[in-house]
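Undergrad: Chain B: place on chain A using the hints.
Protein chains in written order, with the working numbering: chain A, 1 to 526; chain B, 1 to 285.
Just so you know, these hints were derived from the structure itself, not from any lab.
Just so we're clear, the structure is a prediction, and the values are computed from it rather than from any experiment.
Hints are all accurate, no fakes.
Below, simulated DMTMM-like cross-link-like pairs (lysine to aspartate or glutamate); rule was C-alpha separation at most 25 Å, straight line:
id, chain 1, residue 1, chain 2, residue 2
1, A, 247, A, 219
2, B, 133, A, 387
3, A, 15, A, 83
4, A, 101, A, 117
5, B, 133, A, 398
6, A, 256, A, 232
Computed spacing ranges between beta-carbons, pair by pair:
id, chain 1, residue 1, chain 2, residue 2, range
7, A, 505, B, 218, 53 to 59 Å
8, A, 316, B, 51, 26 to 32 Å
9, A, 516, B, 172, 23 to 29 Å
10, B, 184, A, 308, 37 to 43 Å
11, A, 393, B, 183, 17 to 23 Å
12, B, 109, A, 520, 37 to 43 Å
13, A, 255, B, 90, 57 to 63 Å
14, A, 436, B, 172, 50 to 56 Å
15, A, 520, B, 218, 31 to 37 Å
16, B, 42, A, 316, 44 to 50 Å
Ideal Cβ positions, reconstructed from N, Cα and C, are used throughout, including at glycine.
Here's the letter readout for the chains.
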Amino acid sequence: MVLGALGVVLEGGLKVFWPTAVAQVRLADGRWFLGQFQGRQLDPATGARSLLWKTGNREWDPQRQDFHWLPEDQIADILWPAEAVLLERRENGNFYGFFRKVEGPLVEPGLGQGSEDAWTRFQAALAVVRQAEASEVAPLAAEVAQCTRRLRGLKTQLRKAAYRLQRADATDAHLHPPVQAKLHRLRAQAEHLAHQGQELMNRHNARVAELRHNVAIFEHGPGQTCRIPLMDIVRGCQPNRMGVAQKAAWYAAHVKDLLIQWPRESNTEGGLFPAIFGTVLLVFVMSVLCFPVGVVAGVYLAEYARQGPLVRVVRVAVNNLAGIPSIVYGIFGLGFFIYTVGKAVDRVAFPEWAEVGQPVFGTGGVLWAALTLGLLTAPVVIVATEEALRTIPRVMREGSYALGATQWQTLTHVLLPMASPGIMTGFILATARAAGEVAPLMLTGAVKLVSDLAIDGDFPYVHLDRKFMHLGFHIYDLGFQSPNVDASQPMVYLTTLVLVLVVVGLTGSALILRNRMRRYYHPKSL
Amino acid sequence: MASLEPTADVKTPKPAGAGQAAPASGAEVPCVSIADPVMRLRGVSVYYQSRQALHDITLDFPRKQVTAVIGPSGCGKSTLLRCLNRMNDLIDGVRLVGEVLLDGEDIYGPDVDVIELRRRVGMVFQRAAPFPKSIYENVAYGLRICGVRRRSILDECVEQSLRRAGLWEEVKDRLGRSALELSGGQHQRLCIARAIAVNPEIILMDEPCSELDPRSTARIEDLIAELRRQYTIIIVTHNMQQAARVSDYTAFLYEGELIEFGPTRQLFTRPQRQETDDYITGRFG
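Okay, chain B solo, but in the shape it has when bound:
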């Protein structure tokens, strides 16, 4: 693939001594056990060329819950997220060790259909970039590439997706107009509608609000709250207030290692680890 450079949050090389600041390997990671995990990471390490971006992550994502991944810039949040739908495959020189299980099946296994995987695990990006097509075609895109041609199915699905994304009332009269005419906040909701349209099991959100104004951010957060019971949502954010507001579970990543994972309320009120406490109280990061 051309022009896909490693993401910004893995560009910072890690100094050799930095590992010592983080908990020594082998230290017990406070990690709640999840009753019904949909996605499980088992000892996942990710390397960009020779640089290690994630260190031996073991983590379960609960089904139909919102899980926030927090941590300072460059800690590997986005890399972790992009492992979950194999988006990292698009970048040259990325290597993954360990297992990522979706409903018990390794998504990096030899006979996994990546296309199928990405339909089950949708993604919303930091920079909302609708396709240069009409609003309707943007939402219908995922269905069209699966081969859905029936107008009635497309119409119904577009409307439903736009309704769920809270955009229907605003755009129902101009579905044929270019999506690029919408505002930034509407773009992001359109991208969410686009992801919902293919009916994924999991929606990954990579800092979906970092380029939005507070009002648009509030709308997206409301939307996440509405979607939480239908989809498993994994959201990466560097905004701890946001994580606290929208998520059921929170994972804290620091320098490519999982420091702590637990129910959000517990992690923010009674963190088990000193590093977590330092981060959420703003002593570093």
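Only chain A is shown next, with the shape it has when bound in the complex:
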């Protein structure tokens, strides 16, 4: 059954990027359109068959749809013209059409004239615009982003100063002048920075507008042409002319984008990088925060606690914790970590933000989600640790004590090393469970899209208060919350595939670690 599920995911996910042939579908009434065939359906009432086409060209469709069902009997014939072009665009999804020519200040005179082939000229023009963008627009965009970041830092300082001033009112008036001065200085700085940012933005926009004058002209319907700015085009190809090697290259470029790019088009296109990052980071933070606690609890229960009714009750409770539905943990995380602990942290550490109703830790974030997942997986680690310690023969302990070791030395030198493979097994189970869990995350900080990762170049570099993207939540969001079902379906398969791979990768590396330990500590058991 697992293989079946994996098979479906593999089948659905692996084929997404393969460029299938583009058909020119001619209708009985003389109209035609271009599109990629998606599937067929039999209408049980009439016995008529309908075909689903991905037609793209969203902005020229009356209903702004890029998928169309077409009854088979309306189709006159289907051609597979070699010149049919598939474009991936930054907005509005795919485009299908016939390339006519390029126009614009950068690409006009004599560009690629040597080549007979129109498509080669298009590629050359695209490369020119891409290069212009990289050398002129990208630096501006980076400056704007830096400006925004600095402004954000300034606003934090500003908020702090304003808060101090406000609090100082009642008690010490002598604080007034310096703080006020600082406030003024900061305000002036912020204004200056905002102004500077706006100016940069204007220059950026102006340059973009200029570049957008370089267009490619396509014919996408009978007598219909359109101008598409080259800047908006991510990449284009002529699938009907491509060999297997070219298609493989196209595929590889997509896989690379999937792993390193941000999503586009309300997540239905582009990459998964922030979601992959969020998933791995979450599991990592969870391990760092909660794995030691689980091990310590297990060690305490097995080695230090006085065995009695209380410990028995605790042990039963720990075992039962593992059986609680994960959404309950989510509710607990929301109620306890976010609303109670987070709010308290905000009151103490960030009063200036709590004041204006902008929580820092009092809202979902990586930290709280990781702690919630940690609670969820701690029982597994605790039980595994206890079991591993319990199965160590008594002579090992006595041998150590007889040499004058203390309980602590025995634990650290003999017992924990011996128990480590067993503890690692618990850790692997915990990791696998944590990586695939979604329900608690929806309540504790997973979001559809983030603009900033939880680790970046801004001091203090690790921002565990930030919200995060998660592959599991991404699947849910794409599959159930997306307005364009047909467009998001391939991405659902892809995301599922990536999630499975990430989980396998995480547990696989833990497994390798464990086997290495086992080989060292129990060479005979191999």
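TA: Only chain B this time, still in chain A's reference frame:
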């Protein structure tokens, strides 16, 4: 402490009437006096929960001699041995009455450092269980936990201990390999080396050969003979031939009571008590 159950030899509850089969209390225990005792037991009784495992034992262990403790299974031999380095502390519900003196000092006294005691009184167990570390680290373990870090000291001590335990020639080329790769007889010698490494005054051996084949047993016995002049060795065995072969003095325990204690040759040839005679001639036990 978890999972430490009372040892097998004290599990058998003693029937109330059994005491009468043993010599009535107050009967004179034939007991030689030792000129230079290192460890002295004075009226030691040990209880597991409410069950009495040792009855009022008074006994002196001679310095730098091998003393064997013999007796049938369940007579309290191991319990007696484990009193001497307070190993019984690790078992819940064990209570000791009386005095155990090491060089005149009560090891159950209020300001005795148990850790220090166990360094002076080492122990080798019935089941040889090296730590899952390298051969080198097994021997160096006792020193490391005392805080010895100097490589040269460790190296020297490991080599010396392994030589004394007669294992050096066999393992000198693979000190870094896991100790678990050695054979059963080598395990036991490694455990002896491990105990010697911390330079104890007394080595307690709890049936060290009962799980070994005759050849390995012979090697261990040879080893005991070699070590006897440097260390005080107290060995528990249910093998009377072994006791006769390796020990200078022998104590015979039956049902938690000391029946007879004397020089080995004398105890085996001219036992003073009927019970001893019965046991060593194989009439019971």
